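Asker: Given next are the chains, with one letter for each unit.
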Amino acid sequence: MIIVNTEEVPNRQISDVLGLVQGNTIRAKHAGRDIMASLKNLVGGELKGYTELLTESRRQAMDRMIAQAQQLGADAVVNVRFTTSAVASGAAEMYAYGTAVKLAPKPQPIPAPQPQLQPVAQPVPIMENNQPPVTQNDAPAAY
Amino acid sequence: MDFILGMLLGLIFGQRNERTHIRSLEQREGILFPIVKLDNRKRIKDPQTVADAQMVIGQAVMASDYAKTFFARWRNIFGGEMKSFQSLLTRGRREALLRMVEDARRLGATEVWNVRFETSNISMATGRSGMAQVEIVAFGTAVRRAEPITQVLA
Chain A
1 MIIVNTEEVP
11 NRQISDVLGL
21 VQGNTIRAKH
31 AGRDIMASLK
41 NLVGGELKGY
51 TELLTESRRQ
61 AMDRMIAQAQ
71 QLGADAVVNV
81 RFTTSAVASG
91 AAEMYAYGTA
101 VKLAPKPQPI
111 PAPQPQLQPV
121 AQPVPIMENN
131 QPPVTQNDAP
141 AAY
Chain B
144 MDFILGMLLG
154 LIFGQRNERT
164 HIRSLEQREG
174 ILFPIVKLDN
184 RKRIKDPQTV
194 ADAQMVIGQA
204 VMASDYAKTF
214 FARWRNIFGG
224 EMKSFQSLLT
234 RGRREALLRM
244 VEDARRLGAT
254 EVWNVRFETS
264 NISMATGRSG
274 MAQVEIVAFG
284 TAVRRAEPIT
294 QVLA
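For the protein sequence lines, the chains are A and B, in the order given. Residue numbering for the first sequence follows this note's numbering, starting at 1 and increasing by one per position. Residue numbering for the second sequence follows this note's numbering, starting at 144 and increasing by one per position.
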């Protein structure tokens, strides 16, 4: 499953749009973390416990979104967005949403054209005084 | 007593925390930012050379210290810029962005496109409305190129 937050998957064609998929989770802090956080609140800075908690719950919201996309038979979810909101005291909601799409089969990579060395038929005349080498093609055309 | 202790803790440890954090941020930014190119446009340039694209996320929850909260309340009376909270949010944003870039590096990406930030106040969620507790998320699409883009010089 390809998850991107751009509007399309680079280098792939979207063959079918299956619709919006979403996942959410509401997580409450637990006491141990809260005690540590309240101590940390005195000195400020990053609250590692909450960062961990929210990372975990965002992952869960995303997993639910991905599960929904898989149910629809999607190959990718594009344009993924997140929202966090405090719904009640002591709980935060994580919401992830995106558009499930089906991708066209991957095109076969075209081999890069190999520059082939052509044997030089005639020695290239060395340019002198910036004058172009005179060849037969330079003769005036007959009208 | 509570107030004096809180102010002292905030001023001494808060300031020290901030300095160490900024130093660590600068060091990691110096290593990572020359390697990974960030762009917040939606459309990925040169999509035909993309080998792999995957979403990456970085996040940080930042809290203000006692002294900062006190100064912020004071500032609330007169209005104006809250410098103490500004530095807090800037640090959080830099941290979240760095974590996102580190995530992208783990995938071997050299570019991150469509970088977005989202900020939300979770102090109500944790039950302490006086203290600012802010969650910052940075996310984008990490891109690994099949081969380095050869620039054609005109």
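Since the hints were made in silico from the structure, they are not lab data. Take these hints with a grain of salt, some might be off.
Heads up, simulated EDC-like pairs for lysine to aspartate or glutamate below, C-alpha to C-alpha not over 16 Å straight-line [claimed, not checked]:
| no. | chain 1 | residue 1 | chain 2 | residue 2 |
| --- | --- | --- | --- | --- |
| 1 | B | Lys226 | B | Glu169 |
| 2 | B | Lys188 | A | Glu56 |
| 3 | A | Lys29 | A | Glu8 |
| 4 | A | Lys48 | A | Glu8 |
| 5 | A | Lys106 | A | Asp16 |
| 6 | A | Lys102 | A | Glu46 |
| 7 | B | Lys188 | A | Asp75 |
| 8 | A | Lys29 | A | Asp75 |
| 9 | B | Lys185 | A | Glu56 |
| 10 | A | Lys102 | A | Glu7 |
| 11 | A | Lys106 | A | Glu46 |
| 12 | A | Lys48 | B | Asp195 |
| 13 | A | Lys106 | B | Glu161 |
| 14 | B | Lys185 | A | Asp75 |
Every value quoted in this text rests on a predicted model; they were computed, and no experiment measured them.
Asker: Determine for every hint whether it applies to the structure shown.
Answerer: Status of the hints after comparison with the structure:
1. B:Lys226 - B:Glu169: violated, 20 Å
2. B:Lys188 - A:Glu56: Roughly 32 Å between the alpha carbons, so the hint for B:Lys188 and A:Glu56 is violated.
3. A:Lys29 - A:Glu8: violated, 36 Å
4. A:Lys48 - A:Glu8: Status violated; Cα separation ~34 Å.
5. A:Lys106 - A:Asp16: holds, 14 Å
6. A:Lys102 - A:Glu46: Violated: A:Lys102 and A:Glu46 sit about 40 Å apart, past 16 Å.
7. B:Lys188 - A:Asp75: Between B:Lys188 and A:Asp75 the Cα gap is close to 22 Å, so the pair fails against 16 Å, i.e. violated.
8. A:Lys29 - A:Asp75: Measuring from Cα to Cα gives roughly 34 Å; hence the hint is violated.
9. B:Lys185 - A:Glu56: This hinted pair is violated, its Cα atoms lying about 27 Å apart.
10. A:Lys102 - A:Glu7: Status holds; Cα separation ~13 Å.
11. A:Lys106 - A:Glu46: violated, 43 Å
12. A:Lys48 - B:Asp195: violated, 31 Å
13. A:Lys106 - B:Glu161: With Cα atoms ~49 Å apart, A:Lys106 and B:Glu161 exceed 16 Å; violated.
14. B:Lys185 - A:Asp75: violated, 20 Å
Of the numbered hints given earlier, the model fails hints 1, 2, 3, 4, 6, 7, 8, 9, 11, 12, 13, 14; all others are met.
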